[in-house]
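*Asks:* Numbers 1 to 909, taken from the UniProt record's numbering, label the letters of the sequence shown in order.
Quick list of simulated restraints, FRET-style, between CB atoms:
no. : residue 1 : residue 2 : range
1   : Glu10     : Val393    : 55 to 65 Å
2   : Val393    : Ala621    : 13 to 23 Å
3   : Ala529    : Asp47     : 26 to 36 Å
4   : Lys628    : Thr605    : 40 to 50 Å
5   : Thr598    : Ile689    : 39 to 49 Å
6   : Arg183    : Glu10     : 27 to 37 Å
Under the rule of at most 20 Å between Cα atoms (straight-line distance), these lysine-lysine pairs were calculated in the PhoX-like manner:
no. : residue 1 : residue 2
7   : Lys623    : Lys685
8   : Lys227    : Lys194
9   : Lys623    : Lys401
10  : Lys227    : Lys200
11  : Lys189    : Lys200
12  : Lys387    : Lys633
13  : Lys106    : Lys80
14  : Lys467    : Lys452
15  : Lys40     : Lys590
16  : Lys401    : Lys387
17  : Lys633    : Lys702
Rather than coming from a laboratory, the hints here were simulated on the basis of the structure.
Only a predicted model underlies this, so the values are computations on that prediction, with no experimental measurement involved.
Note that the Cβ used here is the ideal one computed from N, Cα and C, for glycine as well.
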Amino acid sequence: MLSIHQRIAEELGVREGQVQAAVDLLDGGATVPFIARYRKEVTGTLDDAQLRTLEERLRYLRELEERRAAILESIESQGKLDDELRAQIMAADTKARLEDIYLPYKPKRRTKAQIARELGLEPLADQLLADPSLSPLAVAEGFLTEGVADAAAALEGARAILIERFAEDADLIGELREQLWRRGQLAAKVREGKEEAGAKFSDYFDFAEPFTKLPSHRILAMFRGEKEEILSLTLEPDEGTDYEPRIAARFGIADQGRPADQWLGETVRWAWRTRILVHLGLDLRMRMWQEAEEEAVRVFATNLRDLLLAAPAGTRATMGLDPGLRTGVKVAVVDATGKVVETATIYPHEPKRQWDQSLAALGALAQRHGVELIAIGNGTASRETDKLAGELVKHMPGITKIVVSEAGASVYSASPYASQELPELDVSLRGAVSIARRLQDPLAELVKIDPKSIGVGQYQHDLSETKLSRSLDAVVEDCVNAVGVDVNTASAPLLTRVSGIGSTLADNIVQHRDSNGPFRTRTALKDVARLGPKAFEQCAGFLRIADGEDPLDSSSVHPESYPVVRRMLGAIEGDLKTLIGNTATLRSLKPHDYVDDTFGLPTVTDILRELEKPGRDPRPAFKTATFKEGVEKLSDLTPGMILEGVVTNVAAFGAFVDVGVHQDGLVHVSAMSRTFVKDPRDVAKPGDIVRVKVLDVDIPRKRISLTLRLEDDTESDSRPRGPRADRPRGGQTSSGQGGTGQGGSGRGGPGQGGPGQGGSGQSGSGQGASGRGGPGEGRGGRGDARTGDSRGGGARGDGKPGSGRGDGGTGRGGDSRGGEGRSGDGRGGDGRGGDGRGGDGRGGDGRGGDGRGGDGRGGRDNARGQGGNRDGQRGGNQRGGRDGGRRPAPSGAMAEALRKAGLTGDDAR
Numbered sequence: 001m002l003s004i005h006q007r008i009a010e011e012l013g014v015r016e017g018q019v020q021a022a023v024d025l026l027d028g029g030a031t032v033p034f035i036a037r038y039r040k041e042v043t044g045t046l047d048d049a050q051l052r053t054l055e056e057r058l059r060y061l062r063e064l065e066e067r068r069a070a071i072l073e074s075i076e077s078q079g080k081l082d083d084e085l086r087a088q089i090m091a092a093d094t095k096a097r098l099e100d101i102y103l104p105y106k107p108k109r110r111t112k113a114q115i116a117r118e119l120g121l122e123p124l125a126d127q128l129l130a131d132p133s134l135s136p137l138a139v140a141e142g143f144l145t146e147g148v149a150d151a152a153a154a155l156e157g158a159r160a161i162l163i164e165r166f167a168e169d170a171d172l173i174g175e176l177r178e179q180l181w182r183r184g185q186l187a188a189k190v191r192e193g194k195e196e197a198g199a200k201f202s203d204y205f206d207f208a209e210p211f212t213k214l215p216s217h218r219i220l221a222m223f224r225g226e227k228e229e230i231l232s233l234t235l236e237p238d239e240g241t242d243y244e245p246r247i248a249a250r251f252g253i254a255d256q257g258r259p260a261d262q263w264l265g266e267t268v269r270w271a272w273r274t275r276i277l278v279h280l281g282l283d284l285r286m287r288m289w290q291e292a293e294e295e296a297v298r299v300f301a302t303n304l305r306d307l308l309l310a311a312p313a314g315t316r317a318t319m320g321l322d323p324g325l326r327t328g329v330k331v332a333v334v335d336a337t338g339k340v341v342e343t344a345t346i347y348p349h350e351p352k353r354q355w356d357q358s359l360a361a362l363g364a365l366a367q368r369h370g371v372e373l374i375a376i377g378n379g380t381a382s383r384e385t386d387k388l389a390g391e392l393v394k395h396m397p398g399i400t401k402i403v404v405s406e407a408g409a410s411v412y413s414a415s416p417y418a419s420q421e422l423p424e425l426d427v428s429l430r431g432a433v434s435i436a437r438r439l440q441d442p443l444a445e446l447v448k449i450d451p452k453s454i455g456v457g458q459y460q461h462d463l464s465e466t467k468l469s470r471s472l473d474a475v476v477e478d479c480v481n482a483v484g485v486d487v488n489t490a491s492a493p494l495l496t497r498v499s500g501i502g503s504t505l506a507d508n509i510v511q512h513r514d515s516n517g518p519f520r521t522r523t524a525l526k527d528v529a530r531l532g533p534k535a536f537e538q539c540a541g542f543l544r545i546a547d548g549e550d551p552l553d554s555s556s557v558h559p560e561s562y563p564v565v566r567r568m569l570g571a572i573e574g575d576l577k578t579l580i581g582n583t584a585t586l587r588s589l590k591p592h593d594y595v596d597d598t599f600g601l602p603t604v605t606d607i608l609r610e611l612e613k614p615g616r617d618p619r620p621a622f623k624t625a626t627f628k629e630g631v632e633k634l635s636d637l638t639p640g641m642i643l644e645g646v647v648t649n650v651a652a653f654g655a656f657v658d659v660g661v662h663q664d665g666l667v668h669v670s671a672m673s674r675t676f677v678k679d680p681r682d683v684a685k686p687g688d689i690v691r692v693k694v695l696d697v698d699i700p701r702k703r704i705s706l707t708l709r710l711e712d713d714t715e716s717d718s719r720p721r722g723p724r725a726d727r728p729r730g731g732q733t734s735s736g737q738g739g740t741g742q743g744g745s746g747r748g749g750p751g752q753g754g755p756g757q758g759g760s761g762q763s764g765s766g767q768g769a770s771g772r773g774g775p776g777e778g779r780g781g782r783g784d785a786r787t788g789d790s791r792g793g794g795a796r797g798d799g800k801p802g803s804g805r806g807d808g809g810t811g812r813g814g815d816s817r818g819g820e821g822r823s824g825d826g827r828g829g830d831g832r833g834g835d836g837r838g839g840d841g842r843g844g845d846g847r848g849g850d851g852r853g854g855d856g857r858g859g860r861d862n863a864r865g866q867g868g869n870r871d872g873q874r875g876g877n878q879r880g881g882r883d884g885g886r887r888p889a890p891s892g893a894m895a896e897a898l899r900k901a902g903l904t905g906d907d908a909r
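The whole structure should be built from the sequences, with the hints applied where relevant.
*Replies:* Given below as structure tokens:
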């Protein structure tokens, strides 16, 4: 029998000595992040993933040994432990096998078999099993007693004894369990009258799949349906199986026409159908559940890791918007450090509809506090609030708006820590603060929330809270320590997650910081109450001190390794300032020259890498997705649309993507790549910006099917297509004409006219250099229903490298406003880019046309772009060029707010 260390070493594919060293460190109080980062020489460079697996297996195997000892003690106390049984127990390598062996000896309530034994019927069972030539009725007559009225009762008792004996044969049960697992299936049926109430489980109303092929999410869904009394689940053995013959063969039972053969055959049948199958069914249900649970916990942990390590927006003044309808939109502005500077509540939506006043309030707040970012929660009224923020951004183009997940914000708002951190702030406004801060630094803010409340798991409420908490806590610990923590700005919840620091020490650090001012050196941490040598050893390397007395204190170099750096300084005869960040000098140093008995090659190599870029952040650069304008609800989606979105969650069956319609769409694993995808997380992770194509929209069930394979056909575009030259280049509606995007030999994109009754908008065009044009997209005019008012929608043409032809639009106004034209995208190769031409607005007394650069490839209005790569802000954002008029001045509270912010007149434009 292998020892625990040998088993783990075999499973991980490492040496037993590595496992022994890691176990010793863990038992000594070291954390996984500390061991992985600073004890590489000791463990033979085991990484954090290997150490987490080792930690889990160590826990399981130690629990197995404890159970083994308890079972041995129990059987020995019964006087039934012999050498053979002891050897079986010692050889058991899983908890299930151990329990199978223990089953016959496990104290239990009085069973029929036990009662039969007490009545002296076990010899009858033994005789019939040993000699089937005996007549059951004749032999049973010899066992009639006061408690056994007749031969039938005696045979019933004998059968109960044999059934129990068959069902408690550990080797037999183990074999049957594995056979049933390999060849059986789980079947689901909808309960009578539950079809409507259980519509969300309709995929499983008449469903069956082999155990070995069932993915975790399907198992969890079916068990959830059973728990909600929508589905009935049954475990079905495969057809024509040999379960009963295997039981019979195990005990030498065969139908040879002897007197007891039929009775023994019926006993086998009863044993299988009433006892063994039921027992194995429970076992396999538990096995399925455990495996699905482990996978769900793993998925949750992986998604949480991706969310925590999402790109931080950084130290920028941010406005957080917690959307709502009746209760209003809660607003909180935090400065670059995350400090709350002002809050408000606005009511732009139903029922109050104070749109202008709300916009004015946001504009004033943004101007007053120099807001650079707006974080909008993705809950109820998110899209409506996003529209409000979008209008603000038009007037204040220096601001960027981003929709962020608000999962857990309400939990934080009502938490004791929030009350301590924001005591003067109403609970309803704390969520907006959390939303703003999680955009600045997701990791620092999300650690304040119970990981289970963050909502990136599947069926998380059905999972073991202990298992889930242990796994998620490990993820948070790993993420916090991977990034590092500024000890002078970190909150107590963030410090709590640092290696070697618990909640008590975290509070002590904050109190010491508040009382004595910022820490100037890492060594000063030793002055914190109850922070002893062991805690300092574990935490020091993960705590950073920016602008401290020692530059090394802002790096991940552990204080115990500072002597190595001093030796490097001696070798180059320089100081830290000349060494840190000096790539050429650092790469000229040979790591082997600094290896000694204390610091091995892995540690020295890590030190040199860290000195090149001290305090490097492993998180990606910050970037945002842009939702498509006009797509705000499910009904706005149509198959074939290509949208940009944000991955919000990843499950075993695919990825969920927020495309801005209040309902995440699903990219099934089969639609993630042209090649086989074993794990969806290999393709996408939460926070990723992706382009997706809409395959199908099921409005009643609120389901959106998406694909990452943008070339996939959808139902709407699967009709036969003609030759490239024959395809239509523009569409036309009652009030507008689609534009054309045309290159040298490329085709124009689809034109899309706008609805309305006003005048028409005609697209213009500009010729790029020679080459093949890309797909052009033209949008037709949009007429306003008001009297004499029309807007001509500009067309847009996208050209691929080599040439482009961008179409500007012209609008002809009636009595009111002129049209808006958008310049197209001309992406030139060696030649000139597309012509971004502002719309020529000719209104009576209204405003002029609006020429906007598509992707910023136009020059000035009515001028050709140079090289096809000019920043389109001049051509694109000029409103109507020279010929068009001005926007009508805003009125009411909006005008007053913009006037105070200096955004009226030319500035507003």
